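Asker: Here is what each chain is made of, one letter per residue.
There are 2 protein chains.
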Amino acid sequence: MEALKVLPIKPEPAITGFANFESERVLSALPEELKRFYVKIELPLLKRLPYLLRERELLYALLIKEEKNLCLIDLFPDKPQRVLGCAIDLGSTTIAFYIYDFISQQVVKEFSIENPQISIGQDILTRLHFAKKEENLKFIQEITLSAINEVLEREGGEEIYFVSLCGNTAMTHFLLGLPVNYLIVEPYVAVVKWIPLLKACELGLKINPKGRVFVFPLAGTYFGGDLIAGLYEVELKNKEGFSFYLDVGTNAEVVLGGRDFLLACAGAAGPALEGGIFECGMQAKAGAIEKFIFHPEKKRFEYQTIDGVKPVGFCGSAVIQLIAELFLRGFLTPEGKFERNRAKDFLFEKEEEIAFLLVSGEETQHGAPIYIKESEIKSFLRSKGAMYSILSLLCEKVGISFKEVEKFYVAGTFGNHIDIKSAVILGMLPEEALFRANPLGNAAGKGALKFLRKADYEEVKKIIDEITYIELNVEPRFMELLTGALIIPHVNMDLFPQVRKLLEEHICFKL
Amino acid sequence: MEALKVLPIKPEPAITGFANFESERVLSALPEELKRFYVKIELPLLKRLPYLLRERELLYALLIKEEKNLCLIDLFPDKPQRVLGCAIDLGSTTIAFYIYDFISQQVVKEFSIENPQISIGQDILTRLHFAKKEENLKFIQEITLSAINEVLEREGGEEIYFVSLCGNTAMTHFLLGLPVNYLIVEPYVAVVKWIPLLKACELGLKINPKGRVFVFPLAGTYFGGDLIAGLYEVELKNKEGFSFYLDVGTNAEVVLGGRDFLLACAGAAGPALEGGIFECGMQAKAGAIEKFIFHPEKKRFEYQTIDGVKPVGFCGSAVIQLIAELFLRGFLTPEGKFERNRAKDFLFEKEEEIAFLLVSGEETQHGAPIYIKESEIKSFLRSKGAMYSILSLLCEKVGISFKEVEKFYVAGTFGNHIDIKSAVILGMLPEEALFRANPLGNAAGKGALKFLRKADYEEVKKIIDEITYIELNVEPRFMELLTGALIIPHVNMDLFPQVRKLLEEHICFKL
Numbered sequence: 056m057e058a059l060k061v062l063p064i065k066p067e068p069a070i071t072g073f074a075n076f077e078s079e080r081v082l083s084a085l086p087e088e089l090k091r092f093y094v095k096i097e098l099p100l101l102k103r104l105p106y107l108l109r110e111r112e113l114l115y116a117l118l119i120k121e122e123k124n125l126c127l128i129d130l131f132p133d134k135p136q137r138v139l140g141c142a143i144d145l146g147s148t149t150i151a152f153y154i155y156d157f158i159s160q161q162v163v164k165e166f167s168i169e170n171p172q173i174s175i176g177q178d179i180l181t182r183l184h185f186a187k188k189e190e191n192l193k194f195i196q197e198i199t200l201s202a203i204n205e206v207l208e209r210e211g212g213e214e215i216y217f218v219s220l221c222g223n224t225a226m227t228h229f230l231l232g233l234p235v236n237y238l239i240v241e242p243y244v245a246v247v248k249w250i251p252l253l254k255a256c257e258l259g260l261k262i263n264p265k266g267r268v269f270v271f272p273l274a275g276t277y278f279g280g281d282l283i284a285g286l287y288e289v290e291l292k293n294k295e296g297f298s299f300y301l302d303v304g305t306n307a308e309v310v311l312g313g314r315d316f317l318l319a320c321a322g323a324a325g326p327a328l329e330g331g332i333f334e335c336g337m338q339a340k341a342g343a344i345e346k347f348i349f350h351p352e353k354k355r356f357e358y359q360t361i362d363g364v365k366p367v368g369f370c371g372s373a374v375i376q377l378i379a380e381l382f383l384r385g386f387l388t389p390e391g392k393f394e395r396n397r398a399k400d401f402l403f404e405k406e407e408e409i410a411f412l413l414v415s416g417e418e419t420q421h422g423a424p425i426y427i428k429e430s431e432i433k434s435f436l437r438s439k440g441a442m443y444s445i446l447s448l449l450c451e452k453v454g455i456s457f458k459e460v461e462k463f464y465v466a467g468t469f470g471n472h473i474d475i476k477s478a479v480i481l482g483m484l485p486e487e488a489l490f491r492a493n494p495l496g497n498a499a500g501k502g503a504l505k506f507l508r509k510a511d512y513e514e515v516k517k518i519i520d521e522i523t524y525i526e527l528n529v530e531p532r533f534m535e536l537l538t539g540a541l542i543i544p545h546v547n548m549d550l551f552p553q554v555r556k557l558l559e560e561h562i563c564f565k566l
Numbered sequence: 056m057e058a059l060k061v062l063p064i065k066p067e068p069a070i071t072g073f074a075n076f077e078s079e080r081v082l083s084a085l086p087e088e089l090k091r092f093y094v095k096i097e098l099p100l101l102k103r104l105p106y107l108l109r110e111r112e113l114l115y116a117l118l119i120k121e122e123k124n125l126c127l128i129d130l131f132p133d134k135p136q137r138v139l140g141c142a143i144d145l146g147s148t149t150i151a152f153y154i155y156d157f158i159s160q161q162v163v164k165e166f167s168i169e170n171p172q173i174s175i176g177q178d179i180l181t182r183l184h185f186a187k188k189e190e191n192l193k194f195i196q197e198i199t200l201s202a203i204n205e206v207l208e209r210e211g212g213e214e215i216y217f218v219s220l221c222g223n224t225a226m227t228h229f230l231l232g233l234p235v236n237y238l239i240v241e242p243y244v245a246v247v248k249w250i251p252l253l254k255a256c257e258l259g260l261k262i263n264p265k266g267r268v269f270v271f272p273l274a275g276t277y278f279g280g281d282l283i284a285g286l287y288e289v290e291l292k293n294k295e296g297f298s299f300y301l302d303v304g305t306n307a308e309v310v311l312g313g314r315d316f317l318l319a320c321a322g323a324a325g326p327a328l329e330g331g332i333f334e335c336g337m338q339a340k341a342g343a344i345e346k347f348i349f350h351p352e353k354k355r356f357e358y359q360t361i362d363g364v365k366p367v368g369f370c371g372s373a374v375i376q377l378i379a380e381l382f383l384r385g386f387l388t389p390e391g392k393f394e395r396n397r398a399k400d401f402l403f404e405k406e407e408e409i410a411f412l413l414v415s416g417e418e419t420q421h422g423a424p425i426y427i428k429e430s431e432i433k434s435f436l437r438s439k440g441a442m443y444s445i446l447s448l449l450c451e452k453v454g455i456s457f458k459e460v461e462k463f464y465v466a467g468t469f470g471n472h473i474d475i476k477s478a479v480i481l482g483m484l485p486e487e488a489l490f491r492a493n494p495l496g497n498a499a500g501k502g503a504l505k506f507l508r509k510a511d512y513e514e515v516k517k518i519i520d521e522i523t524y525i526e527l528n529v530e531p532r533f534m535e536l537l538t539g540a541l542i543i544p545h546v547n548m549d550l551f552p553q554v555r556k557l558l559e560e561h562i563c564f565k566l
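These protein sequences, in sequence, are chains Y and W. Each residue of the first sequence is one higher than the last, beginning at 56 in the numbering used here. Each residue of the second sequence is one higher than the last, beginning at 56 in the numbering used here.
Since the hints were made in silico from the structure, they are not lab data. These numbers were taken from a predicted model, which means no experiment stands behind them. Don't take every hint at face value.
In this list, chains with the same sequence are indistinguishable; a pair is considered to hold if it fits within one copy or across any two.
Claimed, not checked - List time: in silico DSSO-like cross-link candidates among lysine-lysine, alpha-carbon distance up to 30 Å:
hint	residue 1	residue 2
1	Lys-261	Lys-102
2	Lys-556	Lys-261
3	Lys-452	Lys-188
4	Lys-65	Lys-248
5	Lys-65	Lys-187
6	Lys-516	Lys-65
7	Lys-248	Lys-265
8	Lys-354	Lys-433
9	Lys-65	Lys-517
10	Lys-187	Lys-405
11	Lys-60	Lys-292
12	Lys-254	Lys-458
13	Lys-265	Lys-188
Just chain Y, with the same shape it has in the complex (with noise of 0.2 Å):
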């Protein structure tokens, strides 16, 4: 059932008699289904109810459903125009909202705002650092809700009863103000797992006060509130035989989940192919390019900037689709080397590195070039060839392989925009990816809503409970795997037959 329920009931008159309650009255008339559960009628309703039970013969009772039981927090004479419910997913760059309307079951709004964190640094870990003075970590916070309370009281202030927010487990430490400090030193120790369903007051949220707050749970340092947030969405183990759930954003967090299990593994595959450590990165705002395309004619990239403005920098979902561009027109060896020859015209020196030329100083907004080095590639080569083998080892694990795994979800911003192509020719998906592919967009916030229309605590907390987590640094297989899936696309090209056949077919080859 929902988060929370709106019912018309229509409770029995008082007789003469033993059992003669006002709570009993309200209780037995809400509808056979929720009967099974424990209802606590909380003591300020208490105090209304011979009042409002006299009032009107039909009432709206408001029904929260808690960990371990119901709540009615209210009776409304009349059938309340609007109850609204929040998803939020408090991302480290921006946060998402989803504003639930739970009279007509529908998303009224749906809209992010920037992450005012931010202001104390781009990176997670310059904020965690910045957190360990405890005055810190109380801004830290602050700035957090404020900016969330400042959404919450514009978009419904009173009439938001119930608050379903997941974040990385950094994030889900800032908002709670908890100790960050034994998160980011050996032995990288989180403060809580589970976190208990809290009211509205108890963290400060600008809801109605009878609200009630759902904080998705952690399974890990690495394996935030999020993730599971996704995982609760796209439920791995209802879907048939076994599926892959991929997030890439700082860091690559996978899941291989079939009916009874879920297998993670996460690994720091996300800088490389976010954009971040490239110095012609940017985030994906106007003047980033999202894709480039080789002009054989020409000779020169073609490129496509979001609001279609002169460029400043090319962002994420530019890279592998870039880098897999490079190397079908043959100016990228399999080893992530430039062709000398081929692309001796786009090569340049920039600080005693190699740098390939994508885009004239002339015709960007700043003037100066945007480029790519050739030890930036060698550095994303590492992440997707550690996505690659992070894949295979969890098969591995399972006993399975690749054909047998029926979809590859895709989630995360990054997710969204990830030219699934680009990243089998470059060996970072297995080729089975290319037709089971299914991007999931921000399934966090999905997640986040999904908890509104059906709180399920149980079916998280088995989520969180199923986890079994690899670990890499205790995997010598997974340092063979990744020495075989640093080239591009893999040192076997056997476990890539299509991509060999396109690359024989490729016309830059035949050139």
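Given the structure of chain Y, go ahead and fit chain W onto it with the hints provided.
Answerer: Then chain W, alone, in the frame of chain Y:
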């Protein structure tokens, strides 16, 4: 298990790994038998967790048992000297307190104070009518809470983490500030049956702010939390065969219980038995006559008073004994009339009624005589007859005879002092009660105390769910039974063979 548990725990050190949580380190250090529970850790404690866990290797966990889960509410670096609970029997005249130490598992103090509500009115009905106005209800709640808080602050304050409280239906409403307006008019509706476990701050009790308050549920307008606490104390269903639970206060509440059932009945048997209706009746304090014995040679009543001072009146516990004495000495006929001839030296006219002189004015503190009137005895006979008829009716309903009743548990202050033999002679209790009566003392207070030791929410819930109530005013059989029971001991002397034998042998009848 106890409402509160203090446990030494030794959390495992944090090690590098995926699922590395301070919370899980604490939870997995709990003893095996607690692991089946869902153990909540509240946010304020989570914030201190990383530091506490690094302060000491051995910590003392403070767990509170809630309705559906446990809650870890504190961790102490050192073993606390005392961790207290307080059981409270909120009676309409006195409030009884039991201070219990969870560390030593001992009751450390036990005492009563006067209920401050007496300033509003001696009897409950006056207070209920007073409380119809919202500000008056607030006032009555405030004086009750502040009397309780004064004790709690003095006896432990922040050291007290759990309060278990019971009171009759009116007392419970006053305590919680629930409107009584519909409790005092037909059809007599109480606001609440089951009261959810409260946080100390929700009720405004001045114990540790992390503490909880359990208020015993109500089973009906005349069947309050005090009775439920008494039944919880006695555990009728766990006794061999059938037994009676009798609570005689302002009302007489009777429960017949067996393994599978609790059959309850309440009647206005109380006032007459409590001494309230007697002109010379008084509270049990200095100067109250507790016992009368007729001295045949001196032809006068000898007596003993509380504190041995000059008499002022007689208290409730003397009533039954006195009337039995009058009857056995032949001063009273089985119909409750004074035996005009034999009693002639004691009879005098009092406001057009016949009164029996017990103590002459020369012997009393106030100089006025102490006496009992014929009309008062008539009222008493109705009460005693009602009690016997209720017992008979309940047995008939279950289809058993008094012989099959194993025990007669007698609760209440009255139950403590009742002279069972006199009650049987008068036909208020069946002869079977003679050797099977079991005075319980303050069963309600003991039940509240038991809840500190064994916080069995489900058991308490079962009691209110299992009680079936017999409505006297819709039972024509009750009136039939009552008719026979208005005689001393009973119209049908075959029901009282031993009393018959006693009467035949008794000296006064041989005179």
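Asker: Hint by hint, say whether it matches the structure.
Answerer: Do the hints match the structure? See the list:
1. Proximity of Lys-261 to Lys-102 under the C-alpha cut-off of 30 Å is found in both arrangements, the shortest distances being 24 Å within a copy and 21 Å between copies.
2. Within a single copy, Lys-556 and Lys-261 get their C-alpha atoms no closer than 59 Å, and across copies no closer than 79 Å, so neither meets the 30 Å cut-off.
3. In this assembly of identical chains, the alpha carbons of Lys-452 and Lys-188 never lie at most 30 Å apart, being 41 Å within a copy and 72 Å across copies at closest.
4. Within a single copy, Lys-65 and Lys-248 get their C-alpha atoms only as close as 41 Å, which misses the 30 Å cut-off; across copies the closest is 19 Å, which meets it.
5. Taking the shortest alpha-carbon separations for Lys-65 and Lys-187, only the inter-copy value of 26 Å comes in at or below 30 Å, while the best intra-copy value is 54 Å.
6. In this assembly of identical chains, the alpha carbons of Lys-516 and Lys-65 lie at most 30 Å apart only when taken from different copies (25 Å versus 35 Å within one copy).
7. Taking the shortest Cα distances, Lys-248 and Lys-265 sit within 30 Å of each other both inside one copy (25 Å) and across copies (22 Å).
8. Proximity of Lys-354 and Lys-433 under a CA criterion of 30 Å is satisfied intra-copy only: 25 Å inside one chain copy versus 120 Å between copies.
9. Only between protomers do Lys-65 and Lys-517 lie at most 30 Å apart by alpha-carbon distance; the minimum there is 27 Å, versus 37 Å within a single protomer.
10. In this homomeric assembly, Lys-187 and Lys-405 never come within 30 Å of each other (Cα to Cα): the closest approach is 38 Å inside a single copy and 87 Å across copies.
11. For the homomeric pair Lys-60 and Lys-292, the shortest alpha-carbon distance inside one copy (27 Å) is at most 30 Å, but the shortest distance between copies (39 Å) is not.
12. For the homomeric pair Lys-254 and Lys-458, neither the shortest alpha-carbon distance inside one copy (47 Å) nor that between copies (56 Å) is at most 30 Å.
13. Taking the shortest alpha-carbon separations for Lys-265 and Lys-188, only the inter-copy value of 27 Å comes in at or below 30 Å, while the best intra-copy value is 33 Å.
Figure legend: structure checked against the earlier numbered hints; hints not met, in rising order: 2, 3, 10 and 12.
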